[in-house]
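K.L.:
Start from chain L and add chain Z according to the hints.
Protein chains: 2
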Amino acid sequence: MKDEQGILFILSGPSGVGKGTVRKQLFEEDSELQYSISVTTRQPREGEQNGIDYFFKSREQFEEMIEQDELIEYAEYVGNYYGTPKQYVKDTLESGKDVFLEIEVQGAMKVRESFPQGVYIFLFPPSLEELKNRIIGRGTESEDLIRNRLMEAKKEIDMMDAYDYVVVNDEIERAVRRIQSIVVSEHCKRERVSKQYKKALGSE
Amino acid sequence: MKDEQGILFILSGPSGVGKGTVRKQLFEEDSELQYSISVTTRQPREGEQNGIDYFFKSREQFEEMIEQDELIEYAEYVGNYYGTPKQYVKDTLESGKDVFLEIEVQGAMKVRESFPQGVYIFLFPPSLEELKNRIIGRGTESEDLIRNRLMEAKKEIDMMDAYDYVVVNDEIERAVRRIQSIVVSEHCKRERVSKQYKKALGSE
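These protein sequence lines are chains L and Z, in that order.
Residue 204 is where the first sequence ends in the UniProt record's numbering, and the numbering goes up by one at each step.
Residue 204 is where the second sequence ends in the UniProt record's numbering, and the numbering goes up by one at each step.
One or more hints might be untrue.
Since the list gives no way to pick one copy over another, a pair counts as held whenever it fits inside one copy or between any two copies.
Stated by the list, open to error - List time: in silico DSSO-like cross-link candidates among lysine-lysine, alpha-carbon distance up to 27 angstroms:
no., residue 1, residue 2
1, Lys189, Lys90
2, Lys199, Lys155
3, Lys189, Lys110
4, Lys189, Lys199
5, Lys132, Lys90
Note that these hints are calculated values from the structure, not bench results.
Extracted from the complex, chain L is given alone in its bound form:
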């Protein structure tokens, strides 16, 4: 019973909530999901392979992709472009494999425009106090910067309403288990599977 399309899962949430850590842990435990490979203009680091870690492109190539609308979303960090390639995501989904994207809140809202049928998961801090500690713990940011980032995070939390699920990151293992449960249960949604199940029964 596997002529089903893959499902696009998008993990997002305010900065400092721990998206990257949760995503890494998830992929250590799970081999069914396909992590969405980003396109970037930054130089490959030692051991990084094109088409596995990233799709490495020149700045010109990347800007050409922007122009041709080949990216679902993109952003620029410290002088380098990062983006999500539309065709790659589409092809993977069509092959029946789920695709998993971990992305900032702004980017997630962009993805929603192209993939409204995706499953949007909002990673939620266990408390504001905790979020503050994590932002502080990251490095040597000034008081002002921390206050700004916290205000930013509060604004991002208000965007929770655009998501399908909210997962509290109280503990990495538990957050990962919740996300795994969402993946399994989304595959059991009646509107996704009823047609193919009825067909399978009818043809026997």
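P.N.:
Just chain Z, lined up with the frame of chain L:
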């Protein structure tokens, strides 16, 4: 963050699909869910306790409950009444505990009238062949009876569209894991939790 109501989960599906076996296995592994205790007019068997295994009632008491609309659904099997007590389910949900009901397709549709907000899970046979084998395997039913039951099962499968999830019972352990995933992910649904999460953040 636990001022949430419990969620009512209803496991149903065609006869012969293995609802009872899956439910028993689920409750051996899971102590968070509260199995809905039925009301019955049959005699307690040795070791069965009132209020734990069943609510034992006389025929008169049961019929009084029917009259007073105190049952979500009920049915009569081999001379005894069995029913689901409305107040008990409501109280358990209000205490914040999930309630789990395992029930025939007809009964599930009755439950839906009282609890449209419940989560309806349809247990699905891996194939018609397998369902037939299970119906035959149960005992010494005649060919005609088997054909009837299979036709009945096909009709019941058409009622799948009234459900939220479809879980294939290809293997008990896997079906149980899928149901557990549905329970976890339903608790992460944004429309269930966003209000309380925002409140929790605002109050800090």
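K.L.:
Classify it for me, lysine 189 with lysine 90: is the Cα-Cα distance of at most 27 angstroms met within a copy, between copies, both or neither?
P.N.:
Classified as both; 21 angstroms inside a copy, 26 angstroms across copies.
K.L.:
Which holds for lysine 189 with lysine 199 at a C-alpha limit of 27 angstroms: within a copy, between copies, both or neither?
P.N.:
within (16 angstroms within a copy, 30 angstroms between copies)
K.L.:
27 angstroms Cα cut-off: does lysine 189 pair with lysine 110 within a copy, between copies, both or neither?
P.N.:
both (25 angstroms within a copy, 21 angstroms between copies)
K.L.:
If the cutoff is 27 angstroms on CA atoms, where do lysine 132 and lysine 90 land: within, between, both or neither? Let me know, please.
P.N.:
neither (37 angstroms within a copy, 40 angstroms between copies)
K.L.:
Using 27 angstroms as the alpha carbon limit, work out where lysine 199 and lysine 155 are close: within a copy, between copies, both or neither.
P.N.:
Close across copies (14 angstroms), not inside one copy (46 angstroms); limit 27 angstroms.
Hint violations for this structure: number 5 only, all remaining hints satisfied.
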